[in-house]
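*Asks:* Here is what each chain is made of, one letter per residue.
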Amino acid sequence: MNQPHEESEEERVWRVLSEAGLIDIPPDEFAERIKEAKHVVIGRLGELLELTTDTQERESAAISLATLRKLERTVSRGGGQSSD
Amino acid sequence: MRSTAKQAAAGAKWPPEEGQIITFRSLNGLTEGIVKEVRWGLVWRDFVLDDGRVIPEHKVVDHPEPPVWRKAEEVTQEEREACEARLVSMAEAGLDPRDQEQPFWAELNQYLAYTYLKYKRAGVKPPGAE
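Those sequence lines, one after another, are chains W and L.
Just so we're aligned, residue 1 is where the first sequence starts under this note's numbering, counting upward by one.
Just so we're aligned, residue 1 is where the second sequence starts under this note's numbering, counting upward by one.
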């Protein structure tokens, strides 16, 4: 009887990234990928806000969210000059 | 032309060194370029070519399978913040991340992959996921 293939950590990570469409993002899908990344960060930030510990990760998540919002504005404008 | 560059051969030392020619998958099919620098991004290695293009390792022909990657925990806060500052700077400079194989495109790809891996580990799923 054949043993089922046990997925290595490397294979698992690449599968996760591939399924999320994040390994080679087509140019017209950046806005959608940024939106999904924001959703993941917001979800984690919500969890962190309920905790009184790990303020560093909370701060990191908040900065990541701010960065993604700036990038989202750029991509949605079509890569033009920022007016911020 | 390119007489001094050597083709990175299958089975040879990996990653290819500066000055070697690599073949990679591009929009126009297989393309060649000369390696100027190999550097780690937040998740995977990028090959910077002498003409400024940035090619992720997994698009290079004969790369190891599965490609090597970094754990999100290995990325320092300073490294992440530097990446975020570069991305915002490139965005504010009016660069378009949709210019494939350019630094903004390469760095944004990695940043989104890193962010997803870093924060997804808590079990949050993207919209539409089961």
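The set of hints was computed from the structure by calculation and includes no laboratory data.
Worth double-checking, as some hints may not be accurate.
[Claimed, not checked] Distance ranges between label pairs, derived from CB positions:
1. L:Arg86 to W:Pro26: 31 to 39 Å
2. W:Thr55 to L:Glu65: 20 to 28 Å
3. L:Arg25 to W:Glu11: 16 to 24 Å
[Claimed, not checked] Straight-line distance between alpha carbons at most 25 Å, and here's what the computed DSS-like set of lysine-lysine pairs gives:
4. W:Lys70 to W:Lys38
5. L:Lys71 to L:Lys13
6. W:Lys35 to L:Lys13
7. W:Lys38 to L:Lys71
8. L:Lys36 to L:Lys59
9. W:Lys70 to W:Lys35
[Claimed, not checked] Reference listing, derived: stretches of chain W covered by chain L, where coverage requires no fewer than 3 residues with Cβ under 8 Å from a Cβ of chain L:
10. 8-17
11. 20-28
12. 40-50
13. 65-71
Even glycine gets a Cβ: it sits at the ideal position worked out from N, Cα and C.
*Asks:* Now tell me, hint by hint, if it's right for this structure.
*Replies:* Comparing the hints with the structure gives:
no.: 1; hint: L:Arg86 to W:Pro26: 31 to 39 Å; verdict: violated, 22 Å
no.: 2; hint: W:Thr55 to L:Glu65: 20 to 28 Å; verdict: violated, 40 Å
no.: 3; hint: L:Arg25 to W:Glu11: 16 to 24 Å; verdict: holds, 20 Å
no.: 4; hint: W:Lys70 to W:Lys38; verdict: holds, 11 Å
no.: 5; hint: L:Lys71 to L:Lys13; verdict: holds, 23 Å
no.: 6; hint: W:Lys35 to L:Lys13; verdict: violated, 39 Å
no.: 7; hint: W:Lys38 to L:Lys71; verdict: holds, 20 Å
no.: 8; hint: L:Lys36 to L:Lys59; verdict: holds, 16 Å
no.: 9; hint: W:Lys70 to W:Lys35; verdict: holds, 12 Å
no.: 10; hint: 8-17; verdict: holds (count 7)
no.: 11; hint: 20-28; verdict: holds (count 7)
no.: 12; hint: 40-50; verdict: holds (count 5)
no.: 13; hint: 65-71; verdict: holds (count 4)
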